[in-house]
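Asks: Next come the chains, spelled out residue by residue.
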Amino acid sequence: MAWRDAKASRTRLLLFMASIVLGIAAVVSIQLFSQNLTDNIKRQSKSLMGADFIIDTDALPTDRAQAIIDSLKPDASEVNFVSMVAFPKNDGSKLVRVRGLKGDFPFYGKLETQPITAATSYQTSGGALVDATLLLQYNLQVGDSVKIGEKSLPISGALNAIPGNNAFASSVAPLVIIPYKFIDETNLLQFGSRKEYQFFYNQPNVDLDNLAERLQPLLEEENADLDTHTSTSQRLGRRYENVGSYLNLTAFIALLLGCIGIASSVNIYIKEKIKAIAVLKCLGASRKQSFLIFLIQIAGIGLLGGLIGTAIGVGLQELFPIILKEFLPFDVTINITAQPILMGVLLGVIISVLFALLPLLRTWYVSPLEVLRFSGDTSKQSKKAQYIVISVIILFLYAFSYWLIKDALFALAFVGGVLLTFGILAGIAIGTMKLVKAYFPKSASFTTRQSLLNLFRPNNQTIVLMVSIGLGTFLISTLYFTKDILLDKTELGESAQSANLITLDIQPDQVTDVENTFKANNLPIVDNIPLVTMRMHSIKNELVSDIRTDTTTQIRGWVLNHEFRTTYRGNLIDSEEIVKGEWVSDKNKNGSIEISISDNLADDAKITVGDAIIFNVQGVLMETVVKSIRKVDWTNLQPNFTIVFPKGVLENAPQFNVLTTNAPTEASSAKLQQELVRKFPNISVIDLRQVYTVVEDILNKVSWIINFMAFFSILTGIIVLIGSVRTSKYQRIRESVLLRTLGAKNKQILTITALEYLFLGILGSLLGILLALISSLLLALFVFQEPFAPSFIPFLIFLPGISILVLAIGLSNIREVLQKSPLEVLRKSG
Amino acid sequence: MTKILKISGLEKTYQSGSKQLTVLQNISFDVEKGQTFAIVGPSGSGKTTLLGLCAGLDTPNLGAVELCDYNLSTLNEDERAQLRNEKVGFIFQDFQLLPTLTALENVSVPLELQGNKNAESRAKELLEKVELGDRIHHYPSQLSGGEQQRVAVARAFLNNPSILFADEPTGNLDEETGEKVIQLLFNLNEEAGTTLVIITHDLDLAARTQQILRLKGGQILTNEKTVQV
Numbered sequence: 001m002a003w004r005d006a007k008a009s010r011t012r013l014l015l016f017m018a019s020i021v022l023g024i025a026a027v028v029s030i031q032l033f034s035q036n037l038t039d040n041i042k043r044q045s046k047s048l049m050g051a052d053f054i055i056d057t058d059a060l061p062t063d064r065a066q067a068i069i070d071s072l073k074p075d076a077s078e079v080n081f082v083s084m085v086a087f088p089k090n091d092g093s094k095l096v097r098v099r100g101l102k103g104d105f106p107f108y109g110k111l112e113t114q115p116i117t118a119a120t121s122y123q124t125s126g127g128a129l130v131d132a133t134l135l136l137q138y139n140l141q142v143g144d145s146v147k148i149g150e151k152s153l154p155i156s157g158a159l160n161a162i163p164g165n166n167a168f169a170s171s172v173a174p175l176v177i178i179p180y181k182f183i184d185e186t187n188l189l190q191f192g193s194r195k196e197y198q199f200f201y202n203q204p205n206v207d208l209d210n211l212a213e214r215l216q217p218l219l220e221e222e223n224a225d226l227d228t229h230t231s232t233s234q235r236l237g238r239r240y241e242n243v244g245s246y247l248n249l250t251a252f253i254a255l256l257l258g259c260i261g262i263a264s265s266v267n268i269y270i271k272e273k274i275k276a277i278a279v280l281k282c283l284g285a286s287r288k289q290s291f292l293i294f295l296i297q298i299a300g301i302g303l304l305g306g307l308i309g310t311a312i313g314v315g316l317q318e319l320f321p322i323i324l325k326e327f328l329p330f331d332v333t334i335n336i337t338a339q340p341i342l343m344g345v346l347l348g349v350i351i352s353v354l355f356a357l358l359p360l361l362r363t364w365y366v367s368p369l370e371v372l373r374f375s376g377d378t379s380k381q382s383k384k385a386q387y388i389v390i391s392v393i394i395l396f397l398y399a400f401s402y403w404l405i406k407d408a409l410f411a412l413a414f415v416g417g418v419l420l421t422f423g424i425l426a427g428i429a430i431g432t433m434k435l436v437k438a439y440f441p442k443s444a445s446f447t448t449r450q451s452l453l454n455l456f457r458p459n460n461q462t463i464v465l466m467v468s469i470g471l472g473t474f475l476i477s478t479l480y481f482t483k484d485i486l487l488d489k490t491e492l493g494e495s496a497q498s499a500n501l502i503t504l505d506i507q508p509d510q511v512t513d514v515e516n517t518f519k520a521n522n523l524p525i526v527d528n529i530p531l532v533t534m535r536m537h538s539i540k541n542e543l544v545s546d547i548r549t550d551t552t553t554q555i556r557g558w559v560l561n562h563e564f565r566t567t568y569r570g571n572l573i574d575s576e577e578i579v580k581g582e583w584v585s586d587k588n589k590n591g592s593i594e595i596s597i598s599d600n601l602a603d604d605a606k607i608t609v610g611d612a613i614i615f616n617v618q619g620v621l622m623e624t625v626v627k628s629i630r631k632v633d634w635t636n637l638q639p640n641f642t643i644v645f646p647k648g649v650l651e652n653a654p655q656f657n658v659l660t661t662n663a664p665t666e667a668s669s670a671k672l673q674q675e676l677v678r679k680f681p682n683i684s685v686i687d688l689r690q691v692y693t694v695v696e697d698i699l700n701k702v703s704w705i706i707n708f709m710a711f712f713s714i715l716t717g718i719i720v721l722i723g724s725v726r727t728s729k730y731q732r733i734r735e736s737v738l739l740r741t742l743g744a745k746n747k748q749i750l751t752i753t754a755l756e757y758l759f760l761g762i763l764g765s766l767l768g769i770l771l772a773l774i775s776s777l778l779l780a781l782f783v784f785q786e787p788f789a790p791s792f793i794p795f796l797i798f799l800p801g802i803s804i805l806v807l808a809i810g811l812s813n814i815r816e817v818l819q820k821s822p823l824e825v826l827r828k829s830g
Numbered sequence: 001m002t003k004i005l006k007i008s009g010l011e012k013t014y015q016s017g018s019k020q021l022t023v024l025q026n027i028s029f030d031v032e033k034g035q036t037f038a039i040v041g042p043s044g045s046g047k048t049t050l051l052g053l054c055a056g057l058d059t060p061n062l063g064a065v066e067l068c069d070y071n072l073s074t075l076n077e078d079e080r081a082q083l084r085n086e087k088v089g090f091i092f093q094d095f096q097l098l099p100t101l102t103a104l105e106n107v108s109v110p111l112e113l114q115g116n117k118n119a120e121s122r123a124k125e126l127l128e129k130v131e132l133g134d135r136i137h138h139y140p141s142q143l144s145g146g147e148q149q150r151v152a153v154a155r156a157f158l159n160n161p162s163i164l165f166a167d168e169p170t171g172n173l174d175e176e177t178g179e180k181v182i183q184l185l186f187n188l189n190e191e192a193g194t195t196l197v198i199i200t201h202d203l204d205l206a207a208r209t210q211q212i213l214r215l216k217g218g219q220i221l222t223n224e225k226t227v228q229v
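In the order they appear, the protein sequences are chains L and X.
Quick note on our numbering: the first sequence kicks off at 1 and runs consecutively.
Quick note on our numbering: the second sequence kicks off at 1 and runs consecutively.
Just so you know, not all the hints are guaranteed correct.
Cut-off 20 Å, straight-line C-alpha distance, at most; resulting in silico cross-link-like pairs (DMTMM-like, lysine to aspartate or glutamate) [claimed, not checked]:
| id | chain 1 | residue 1 | chain 2 | residue 2 |
| --- | --- | --- | --- | --- |
| 1 | L | K147 | L | D184 |
| 2 | L | K442 | X | E120 |
| 3 | L | K745 | X | D94 |
| 4 | L | K437 | X | E120 |
| 5 | L | K747 | X | D78 |
| 6 | L | K442 | X | E125 |
| 7 | L | K745 | X | E86 |
| 8 | L | K747 | X | E86 |
| 9 | L | K745 | X | D78 |
| 10 | L | K275 | X | D78 |
| 11 | L | K747 | X | E125 |
| 12 | X | K3 | X | E32 |
Hints in this document: simulated from the structure, not taken from any laboratory.
For reference, chain X alone in the conformation it holds in the complex (with noise of 0.2 Å):
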C-alpha cells in the first residue's frame, strides 16, 4: 500500500520558563492511503501536538514528516498552506468556524483560497449532504453544535482531501449526534477514498479505525491493527 503520511524520529520541545520541556519524543509511524487511523491517549500526551506536526501547522524540533509525498521540512509556510489546502482537511473538536460568516460561506473557504469558482455550488452540494440544506445562510452562532460540526465536516470535504485529520471530532457533541458526525466521516472515507486520521479519547471510536497508535507522555505505547468485526 501506499503511504500517505510517514513519521520518522520526531521530537518537539517547547520552552516552559527556564526549562525545556519535552512533548514528543522519538516518533515514528507510517499512515496508508485511504485508511483509518487513530491516535488515542491521556490528556497531556501530546496527541494534539503531533496532529499539529503531521498536518505541518507546526514544525518539529527534529525528525522528518512526509505528506502526500511531500517532505515538510523542506517547505517554507506558503507551500505548507497550498499543501493543506489542496490535499488536507480538519476537523476540530470546537469546530473553529469563522463567527462572522455563513454555513455556506465558511464551507467555501478552501475553495475561494484557491479562487475556485465552483466554490458555492459545491459548498451547497456538501451542505445538502450532511443535511444542512435548509441552513446555509445562518452564522454559526444561530446553530447548534452538532450543526456547527456538520457544517466543519462540509468543509474538511469541499476540496477532496486526501487526508482528513480530526481532533476530538465528538468530544463536544452528545452521543447521538456525534454518531451521526463519525458516519458521516467514515462514509466520506469510503466515497471518496479519503485517509482518516482521528484523535479521541474514546476508545469505542478508535477501535472502528483500522490502527491505533497509543501514545503516552510523549512517546509511542503501542501502534497495532484493529481486528474488523
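This is chain L alone, in the form it adopts within the complex (with noise of 0.2 Å):
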C-alpha cells in the first residue's frame, strides 16, 4: 500500500529526496576525506618529519643541550633563518628563509627537486637549492647565482618540496637550502639574527615515547625542544581535525536545511492525505496501519537520498585534496571506507524519519469522519508525543554534532546557536504573519492584497521559505563580513606617515649608513627602534628554573623559554593603549626600573601592575617592576613590543636596530631593497605591502574553502524552495484558474504570485543579512576585537539576488496556469 501511494505521489516525494541529498553528500564527502587524512598522516608520519626526532633551539644550544644531542649521535642538522638574499642576473632581492643543511636529512620521504639529482648533488657541488616558484618569479634559472649575505651560490635546483615544509609556509618566506659548510661564510648569523637550530636523528630503533619522557624536560631546561616524528603528526592530526570539525559543521547546517525542506514538505503532503487516511480508516485500516504506510514511504525515500547522497559525497571527496593543497604538508591518498558510507545511509533513514515523524504524527490522529467532512482540525494530537519527538530531534542533533566534533560543550554551543539562528528566523516569520494580519492594509489594490493574504493562508510556506531563505542569506553574508574583517584588520595605512617597509637586524654600526640610504633615496624615516634581547629570569621573587619544574604553576610555558625582543622609548605608539598603571617615559630617580607590558604577556605570565620581574640582558640581570599594561593592536603591521623599557636604562646595552619607511610606491620600495641588500647582507627587509598580498592570497583561499560549503547549504536552500514553492503548486494553480474564470487577467495572476515571493524573498534574505551583521559584530567585537565598518555588497548584490532568485522559482510555478485551459485544470480539481 506504502509503494502504491507513493507511487502516484512521485515528483512531489523525489522533491524530499532531493532535500537531503546534498547534506548528506557534503557529510559523508567531508567524514571521508577526514578519516583519509588521518590514515594518511599516520601512514606517513616519518616522511612528514623526514627523521625519527627531532632537537630544536633558537640558540646555539647551551653546553649542557649540546651534550644531550652530541650524546645522541645526530645524523644531520641544519641552521635556519630569515634573511635578504639577492638575484645578481635581474637585481631582483627577496625576504627568504635559509635553511644551511649538513647530512643526508631527510631520511624519510624526499628532497622533491629539478633536476632530481640537485637533491644530492648541491651538498658536493656547493650550490643552492631555491623555491621553485621563486625562480619562477624572478626567471632564474639552474645555473644563475644567488647572493646570500656575503656568499654568492649557484643554483643546483628548485626546490619542490621537503619534508615538514608546506605551500602555506614557503609563500611567506621560500626556501633556500645551501650546505651548512657555506653558512659562516654569508657572515648573516650575527648578534641580533633570529635563527633555529635542528638536530635530525635516523634511529628508527629507539623508544620515542621513553626518550621524549626522559629527555624533553632536560632541554627545556636549556630552551630546546624535542619533536618525535609520532607527536609532530598527532599535532597535525588535531590540526586537521580542527578543520575537519569546522568543515563538518557547515556540511551539518546544509543537511539540517534539507531537514526542515522534508519537514515542511510532509507537513503539507499529509495534509493532503488526510482525506485519503480517513477512507482509510472508514474502510476498516487502524492507526498503525495508517501510519505505518506513510513512515515506510518516509523513511523510503530517506533510503534511497541517502544512498544517492552517499554516491555523490564518495565522488565529491576526490576534490578535497585539491582544494586543500595549499595547506597540506603532503599528498592525500583516497581511499573508500565502509563507516563514512553506512553512516550516509543510515543519515538518510534516520533524518529523514525523525523530521517527519511530527506531521507523520497527524496520520494517527485523523478521524474517519473526514471523509464526510473536512475540518483539518488536528488539534487532537497528543501533546505528549509532539514534545517526545521533539526532545528526540534536539538529542539527535546534540548527539550527532557532538560524533562530528568531539567536543561536548562546543557540540552544545553548537546546537544552541543553530536552534536559536532557528528560533529568530521563524519567529520573526510568525511575527511578520501577524503584523501583516493585524495591520492588513484593507485599501490595497486587490493584488496587493492577495499577495499579503497569501502569506497567512492555511497550508503557507511563510516560515519555511523565511528560514531557508534566511538561513542561506545568513551563511554566505556571515562568511563575507567576516572576510572583510580579517581583510580590514591587515590592511595598510595608506598615509605618507605610516610605514610599509621594515629593516630589520641593523648592526649599531650601520644605522647612519642605512639612514642615509634612506635619505638618498627620497624616503623618509619613520621610525628608528632599538632592539634589546632579554629573557626572563625570575618571575615575582621566583626563579623561571623552578617554576618550569612546578606542576602546578599557570604561567604559560613560552614566557619561560621566550628570547624577548625589548625596546625602550618614552611615549605610547598608535597601536597601543594603557588598560592598567601608568606610562613611564624615563627611569625612575630613586634607580628603579618601570616598565610597561602588554596585556597578553601579563595573562601568561600571571602578572600584574607593582609585580617584580629580573631580566637575564644578555648575561646581566637586571630588576624591573611592571608600571603599566598596554593593549597592543598586534594586527597593525607595525614593530609592535611586548615589553617596553623606559629610557635611560637600556642605551648602554648591546642592541641592534630596526628602522621604517614609507615607501610610496612599489619600484621606489624595490630600488631601496636592492641597494640595502647589496650593501648591508646582513639586513632583513620586510615588505608590508608583500606581506598583504600573501595575507589577502591565503584569506582568499581560506574564503574559496568556506565558499564552497557555503554553496552546499545555499544550493540544499535552493532545492528546499523549490520543494516548497512545488508543494503547495496545486492549490495554488488551483486558485489562480479560479482567478481567471472569474476574469483575472494573466498580469494580475502574475502579479499576485510575483508580490508575495518577491516579499518572502526580500524579508527573508534581507533578516538573513541582518542576523549576518549581528553576528559579525559581535565576532568583530568579541574575536577579533575590531571596530566593524559592514560591507555594502550583501546588501547590494545578495538582497537583489537572492530575491530575485525566490521570485523566478515562484513564477516558475505558477505558469502552468498561463498555459492551459481554466477549464482543463477545473475539471482535474473537480
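Two chains, two frames, a set of hints: combine them into the complex.
Replies: Below is the structure:
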C-alpha cells in the first residue's frame, strides 16, 4: 500500500529526497576525507618530519644541551633563519628562509628537486636549492647565482618540496637550502639574528615515548625542544581535525536545512492526504496501518536519498585534496572506507523519519469522520507525543554534532546557536504573519492584498521559506562580513606617515649608513627603534628554572623559554593603549626600573602592575617592576613589543636597530631593497605591501573553501525552496485558475504571485543579512576585537540576487496556469 | 429578441494518446437575452465542455462562439478574462470557492479584480440576499454545502452579469437546499434579467427553463422551447 500510494506522489516524494541529498553528500565526503587524512598522516608520519626525531633550539645550544645532542649522535643538522637574498642576474631581492643543511636529511620522504639529482648534488657541488615558485617569479634558471649575505652560490636546482614544509609557509618566506659549510661565509649569523638550530636523528629502533619522557624536561631547561615523528603527526592530525570539524559543521547546516525542507514538505503532503487516510480508516485500516503506510514511504525516500547522497559524497571527496592542497604538507591518497558510507545511508533514513515524524503523527489522529466533512482540525494531536519527538530531534542533533566535533561543550553551543538562529528566523516569520494580519492594508489594491493574504493563509510556506532563505543568506553574508573584518585588519595605512617597509637586524655601526641610504632615496625615516634581547630570570621573586619544574604553575611555557626582543622609548605609539597602571617615560630617579608589558604577556605570565621581574640581559641581571599594562593592536603591521623599557636604562646594552620608512611606490620600494641588500647583506627587509598580498591571497584561498562549503547550504536552500514552492503548486494553480475563470488577467495572477515571493525573498534575505551583520559585529567585538565597518556588497548583491531567485522559482510554479485552459484545470480539480 | 450567445458549427477534439477524441461535433444554437436555457444529456455527452467553450474558458477546434456580441475567437486570453469578469457569472457543482478566503472575500473577488472600491459593500448586500449575512467572515470549510453554493450564487451575481452559466448547481445538494438555490437563481434572473444557462441531469429543473438543448455523444439531439404552465 505504501508503495502504491508513493507511486502516485512520485514527483513530490522525489523533491523531499532532493532536500537531503546534498547535505548527506557534504557530510559523507568530508567524513571520508577526514578519515583519509588521519590515515595518511599516520602512514606518512616519518616522511612528514623526515626523521625519527628532532632536537631544536632558537639559539646556539648551551653546553648541557649540546652534550645531550651529541650523546644521541645526530645524523644531520641545520641552522635556519630569515634573510634577504639577492639575484645578481636581474638585481632582484627577496626575503627568504635560508636552511643550511649538513648530512643526508631527509631520512624519510624525499627532497623533491628539479633536476632530481640536485637533491644530493647540491651538497657536493656547493650550490643552492631555491624554491621553484621563486625561480619562476624572478625568471631564474639553474646555473644562475643567488647571493646570500656575503656569499654567492650557483643555483643547483629548483626546490619543489621538503618534508615538514607546506605551501602556506613557503608563500610567506620561500626556502633556499644551502650546504651548512657556507653559513659562516654568508656572515649573516650576527648578534641579534633570529635563528633556529635543528638536529635530525635517523634512529628507527629508539623508544620515542621513553626518550621524550626522559629528555624533554632536561632540554626545556636549556631552552631546547624534542619533537618525535609521532608527536608531530599527532599535532598535525589535531590541527586538521579542527579544520575537519569546521567543514563538518557547515555540511551539517546544509543537512539541517534539508531536514527543515522535509518537515515542511511532509507537513503539507500529509495535510493533503488526510481525506485518503480517513477513507482508509473508514475501510477498516488501523491507526498503526495508516501511520506505517506513510512512515515506510518516508523511510524509503530517506534510504534512497542516503544512497544517492553517499554516492555523490564519495565522488566529491576526490575534490578535497585539490581544494586543500595549499594547506597540506603532503599528498593525500584517497581510499573508500565503509564507515562514512554506512553513516550516509543510515543518516538519510534517520533524519528523514525523525524530521517527518511530527507531521506524520497527525495520521495517527485522523478521524474517519473527515471522509464526510473535512475539518482539517488536528488539534487532537497528542501534545505529549509532540514533545517526545521534539526532544528526540534535539537529542539527535546534539549527539550527531558531538560525534562530528568530539567536544561536548562546543557541540552544545553549536546546537544552541543553530536552534537560536532557526528560532529567530521562524519567530520573525510568525511575527511578520501576525503583523501583516493585524495591520492588513485593506485599502491596498486587490493584487497586493491577495499576495499578502497568501503569507498567512492555511498551508502557507512563509515560515519554511523565510527560514531557508534567511539561513542561506545568513551563512554567505556572515562569511563575507568575516572575510572583510579579517582583510581590514591587515590593510595598510596609505598615509605617508605609516611605515610600509621595515628593515631589521641593523647593527649599531650600520644605523647611520642605513639612514643615509633612506635619505639618498628621498625616503623618510618613520621610526628608528632600538632592540635589546633578554630572557626572564625570575618572576615575582621565583626563579624561572624553578617555575619550569612546578607542575602546578599557571604561567604559560613560552614565557619561560622565550627570548624577548624589547625596546625603550619615552612615549606610547598608535597601536598601544594603557589598560592598567601608568606609563613611565624615563628611568625613576630612585634608580628603580619601571617597565610596561602587553596585556597578553600579563595574562600568560600571571603578572600585574607592581610585580617584579628580573631579566637576564645577555648575562647581566636587571631588576624591574611592572608599572603599566598595555593593550597592543598586534594586527597593525608595524613593530610592536610585549615589553617596553623607559628611556635611560638600556641605551648602553648590546642592541641592534629596526628602521622603518614609507616607500610610496613599488618601484621605489624595490630600488631601496636592492640597494640595502647590496650594501648591508645582513639586513632583512620586510615589505608590508608583499605581506599584505600574501595575507590576502591566503584569505582568498580560505574563503574559497568556506564558499565551497556554503555552496552546499545555498544549493540545499534552493532545493528546499523549490520543494516548498512545488508542494503548494497544486493549490496555487487551482486558485489562480479560479481567479482567471472569474475574470483575472494574466498580469493580475502574475502580480499576486510575484509580490508574494518578492516579499518573502526580500524579507528572508534581508533578515539573513541583518542576522549576519549582528553575528559579524559580535565576532568583530569579541573575537577579532576590531571595529566593524560592514560592506554594502551583501545588501547590493545578495539581497537583490536572492530575492530575484526566489521570485523566479515562485513564478515558474504558476507558469502552468498561464499556459493551460482554465477548463482543463477545473476539470482536474473537480 | 437579441441573441446573447450564438454558437455555430462548434467542434472540439482532444488528443487521447495516439487517438483523436471528438467530444463535440457540429453544434449550433442561440440563446436569447434574458432567457433561461438548459443543456441536458447523459454523462460524457459533452455538456461541461460545451459550457466551457460558451463561456470562453476553452477554445474550439472548429466553429465560432459569439458571446455578448463578441466573437471569442478574435479575443486573446486576457480579453476573454475581461469579458467574463464584466458580463459572465459562474456556478459550479463543487462550488469552487477559494478555500483561503472568507465568504465575504470570495464574493468580492470579481469586483475586486476590476478595482471597484464598492466590492465589499455590494458583496455584503448579496450575502444578505442569500441569507448568509451572519456568516460573512466564515471560511468555506466552516460552511455547509448549501451555504457554500449560496456564496457561489452571490459571487456569480456580484457583477450583474448578462449571462450566468451554472454547471449542475444542485448536484451536490439535498433536495430542499437545491430548491432554495434554484429559486435564488430564477429570482435573480427575473429581477436582473440575467440570462441563465444551466447544465443539469435533473429533467424537472430543465423543464422549468424556457428552452432545453439535449446532447448525446457530442451532438445535438433536440433543441426545443418548453411549454410553461
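Asks: Hint by hint, note whether the structure agrees.
Replies: Hint by hint, here is what the structure shows:
no. : hint               : in the structure
1   : L/K147 with L/D184 : holds (14 Å)
2   : L/K442 with X/E120 : holds (11 Å)
3   : L/K745 with X/D94  : violated (23 Å)
4   : L/K437 with X/E120 : holds (18 Å)
5   : L/K747 with X/D78  : holds (9 Å)
6   : L/K442 with X/E125 : holds (19 Å)
7   : L/K745 with X/E86  : holds (12 Å)
8   : L/K747 with X/E86  : holds (17 Å)
9   : L/K745 with X/D78  : holds (5 Å)
10  : L/K275 with X/D78  : violated (36 Å)
11  : L/K747 with X/E125 : violated (29 Å)
12  : X/K3 with X/E32    : holds (4 Å)
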